[in-house]
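There are 2 protein chains.
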Amino acid sequence: MKARVIVTLKSAVLDPQGKAIEGALRSLGVAGVQSVRQGKVFDVELAGNDRAAAEGALKEACDKLLANTVIETYKVEFAE
Amino acid sequence: MKARVIVTLKSAVLDPQGKAIEGALRSLGVAGVQSVRQGKVFDVELAGNDRAAAEGALKEACDKLLANTVIETYKVEFAE
Numbered sequence: 000m001k002a003r004v005i006v007t008l009k010s011a012v013l014d015p016q017g018k019a020i021e022g023a024l025r026s027l028g029v030a031g032v033q034s035v036r037q038g039k040v041f042d043v044e045l046a047g048n049d050r051a052a053a054e055g056a057l058k059e060a061c062d063k064l065l066a067n068t069v070i071e072t073y074k075v076e077f078a079e
Numbered sequence: 000m001k002a003r004v005i006v007t008l009k010s011a012v013l014d015p016q017g018k019a020i021e022g023a024l025r026s027l028g029v030a031g032v033q034s035v036r037q038g039k040v041f042d043v044e045l046a047g048n049d050r051a052a053a054e055g056a057l058k059e060a061c062d063k064l065l066a067n068t069v070i071e072t073y074k075v076e077f078a079e
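One line per chain: the protein sequences are A and B, in this order. Residue 0 is where the first sequence starts when you use numbering that gives the first Met the number 0, and the numbers rise one by one after that. Residue 0 is where the second sequence starts when you use numbering that gives the first Met the number 0, and the numbers rise one by one after that.
Same shape as in the complex, but just chain A:
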C-alpha cells in the first residue's frame, strides 16, 4: 500500500527558505511568482492492505518523527 505524506509549515510560521526561493526565482526572471513556501514529502510503502492500520501507523510516524507538530502540519494521501 502506497501513501504520500506532505508536511508543511503552519501558515502563521515564517518560512525564510521559501522567501529565499521566491527571491531567487525573481532574480532568475521567472514571472508572476507571488509567494513560495517549502515543505517536505514522504512517499511511504506500507505492508498489507488495511487502510485503517496504515493510517494509524502513518499518524504515529508523523507525530514521532516526520513532522514537528508545533510548527508543522501534515496530510496523508493514499494512492488509489
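These aren't lab readings, by the way, just hints derived from the structure by calculation. Be a bit skeptical, because a hint or two may be false.
Each pair may be met inside one copy or between any two copies, as identical chains are not told apart.
Below, simulated SDA-like cross-link-like pairs (lysine to any residue); rule was C-alpha separation at most 20 Å, straight line [what the hints assert, rightly or not]:
#, residue 1, residue 2
1, 63, 52
2, 39, 12
3, 58, 6
4, 63, 11
5, 18, 2
6, 63, 17
7, 18, 51
8, 63, 23
9, 1, 78
10, 74, 54
11, 18, 33
Quick caveat: nothing in here was measured; it's all calculated off a predicted structure.
With the hints as your guide, set chain B onto chain A.
Same frame as chain A, now just chain B:
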C-alpha cells in the same frame, strides 16, 4: 492562483535520506513501513488566473531552480 510543485527523486536514484528515515521509524517501533523516499514540496502563489501562463512559469521555475532534472522529477498540481 495557487499551485503545488512536488519534486521527487527518480526511482533509479538511491535515497539515503529515505533509508535513514525508514531505519528510524523501525527503531521507533512504527509497524509496517516497508520503504520511505523523501522529496520536496513547494506551495507557490502566482499572479493572475491564466493557467497556461502559470504552467509555463512553474515549468521554468522547476527547470531553473526547484528541481535537479538529472536525478529528480517534478509534478505540478493546481488547487481548483
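Q. Which holds for residue 39 with residue 12 at a C-alpha limit of 20 Å: within a copy, between copies, both or neither?
A. So residue 39 and residue 12 pass the 20 Å test inside a copy (15 Å) and across (18 Å) alike.
Q. For the identical chains here, do residue 63 and residue 52 meet the 20 Å Cα criterion within one copy, between copies, both, or neither?
A. Within one copy, since 16 Å is at most 20 Å while 41 Å is not.
Q: Using 20 Å as the alpha carbon limit, work out where residue 18 and residue 51 are close: within a copy, between copies, both or neither.
A: neither (38 Å within a copy, 24 Å between copies)
Q. How do residue 18 and residue 33 come out at 20 Å by Cα distance, when the copy is not named: within, between, both, or neither?
A. Within one copy only: 10 Å inside a chain, 35 Å across chains, cut-off 20 Å.
Q.
As a check of your reading, is residue 63 near residue 23 (CA-CA no more than 20 Å) within one copy, between copies, both or neither?
A. between (33 Å within a copy, 10 Å between copies)
Q: With 20 Å as the alpha-carbon cut-off, assign the pair residue 63 and residue 11 to within, between, both or neither.
A: neither (22 Å within a copy, 29 Å between copies)
Q: Can you give me the call for residue 18 and residue 2, within, between, both or neither, at a CA distance of at most 20 Å?
A: between (29 Å within a copy, 16 Å between copies)
Q: Can you give me the call for residue 74 and residue 54, within, between, both or neither, at a CA distance of at most 20 Å?
A: within (11 Å within a copy, 24 Å between copies)
Q: Tell me, please, which holds for residue 63 and residue 17 at an alpha-carbon limit of 20 Å: within, between, both or neither?
A: between (25 Å within a copy, 16 Å between copies)
Q) How would you classify residue 1 and residue 78 at a CA-CA limit of 20 Å: within, between, both, or neither? A) This pair counts as within: shortest intra-copy Cα distance 6 Å, inter-copy 22 Å.
Q) Can you tell me if residue 58 and residue 6 fall within 20 Å by alpha carbon in one copy, between copies, both or neither? A) For residue 58 and residue 6, the Cα distance is within 20 Å only inside one copy (12 Å; across copies 23 Å).
The structure fails hints 4, 7 (numbered hints given earlier, in ascending order).
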